[in-house]
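The residues making up each chain are set out below.
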Amino acid sequence: MKRYQDLLLLCAVVALIALPLWLVKRPAPSPDGRQTEIFTGADDKAKNLVGVIAPGYKPWAKPLMEPPSSEVGSLLFALQAALGAGFIGYYLGVASTRARMRRECGKETGC
Amino acid sequence: MHIMEGFLPVKHAVGWSIASAPFVMYGLHSVNKRIKENPEQRMLLGVAAAFTFVLSALKMPSVTGSCSHPTGTGLGAILFGPAAMAPIGAVVLLFQALLLAHGGLTTLGANVFSMAIVGPFAVAAIFRMSRMIKLSFGVSIFLAASLGDLLTYITTSAQLALAFPDPAGGFAASFVKFAGVFAITQIPLAISEGVLTVVVMNSLVRFNARELQEMNVTDAREARV
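Sequence order for the protein chains is X and G. Per the working numbering, the first sequence runs over residues 1 to 111. Per the working numbering, the second sequence runs over residues 1 to 225.
Read the hints as simulated data drawn from the structure, not as lab findings. Check before you lean on any hint, since a few could be wrong.
[What the hints assert, rightly or not] Here are the computed lysine-lysine pairs in the DSSO-like style, where the Cα-Cα straight-line distance is at most 30 Å:
#1 K62/X with K177/G
#2 K45/X with K177/G
#3 K47/X with K62/X
#4 K11/G with K45/X
Treat the numbers as computed from the prediction; the structure is a model and nothing was measured.
Could you build all of it, start to finish, from the sequences and the hints given here?
The following block contains the structure:
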């Protein structure tokens with residue numbers, strides 16, 4: 001059981017991510033025929049909510065640099081995740097080798 | 001939890017920056033000191049930062065029909081204490097603000113406060129309390145990381161509600177609205193964050209039993225897994 005615990009936990013995460021995709025149905029298109037978007041960012045929704053609560057508010061700063069398209073944006077997000085995951089993978093590789101060497105060292109005394 | 005560039009009034013933006021700055025400074029100081037005393041922990045600190053990088057880049061769909069992302073600050077807060085996560089979270093948020101137009105420089109202080117200060121401190125406190133009432137290691141990690149994630153988003157909702165109180169209902173009504181956007185969306189994601197933190201922590205414990213015991217993360221009984 002202990003052995004498969006991590007695998008089961010990872011499956012649970014996949015299920016948690018996949019279930020909403022399946023459960024949330026796209027609402028009917030608005031009267032003017034435009035498709036309503038689903039799965040937009042919560043950050044953007046909050047931004048729009050600011051516009052509803054305080055219609056007079058004007059943002060007083062703009063991002064210095066914006067990714068020219070959502071493709072370039074996703075490139076940078078992928079890069080961010082890849083750098084992080086790469087480092088974690090490297091560390092776990094080093095750590096598992098080190099743990100194995102320690103064990104082997106323990107068997108043949110003298111090192 | 002990213003408040004977009006320019007979406008906090010000047011007073012609030014300045015106020016949150018002033019509130020966050022000492023935590024980031026103290027965090028830097030404590031991380032430097034720690035690395036000087038225990039240079040072998042440098043790699044593990046890198047893992048904590050890398051975990052925040054990965055998780056905060058993953059935008060996941062939620063049952064509310066919108067997407068949000070976990071924070072990944074729980075692992076580092078448990079390994080190195082909450083103060084260490086303030087500078088690490090600030091670096092991640094700065095990267096996203098400068099390159100991705102996600103969050104912003106004027107809102108950096110507020111975003112650091114919710115993700116890199118409130119979240120990690122909540123994680124550390126919940127982890128310690130769970131251990132005190134003798135919950136198992138895994139359950140404690142899960143509770144701490146997922147509730148810390150949720151509290152980050154509740155903080156963002158409060159920050160926005162403070163800046164934009166509802167004309168009729170004031171702060172409370174506005175908070176309910178923002179929490180409706182952030183906190184409800186975040187519930188399944190917070191569970192995912194808790195589970196992922198447990199999985200990574202499990203592998204760290206498996207290969208670094210001795211180190212984690214020296215860092216007082218695990219106790220002798222669990223280190224023998």
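Consistency of the hints with the structure:
1. K62/X with K177/G: holds, 25 Å
2. K45/X with K177/G: holds, 11 Å
3. K47/X with K62/X: With Cα atoms ~13 Å apart, K47/X and K62/X stay inside 30 Å; holds.
4. K11/G with K45/X: With a Cα-Cα distance of about 23 Å, the restraint between K11/G and K45/X holds, given a limit of 30 Å.
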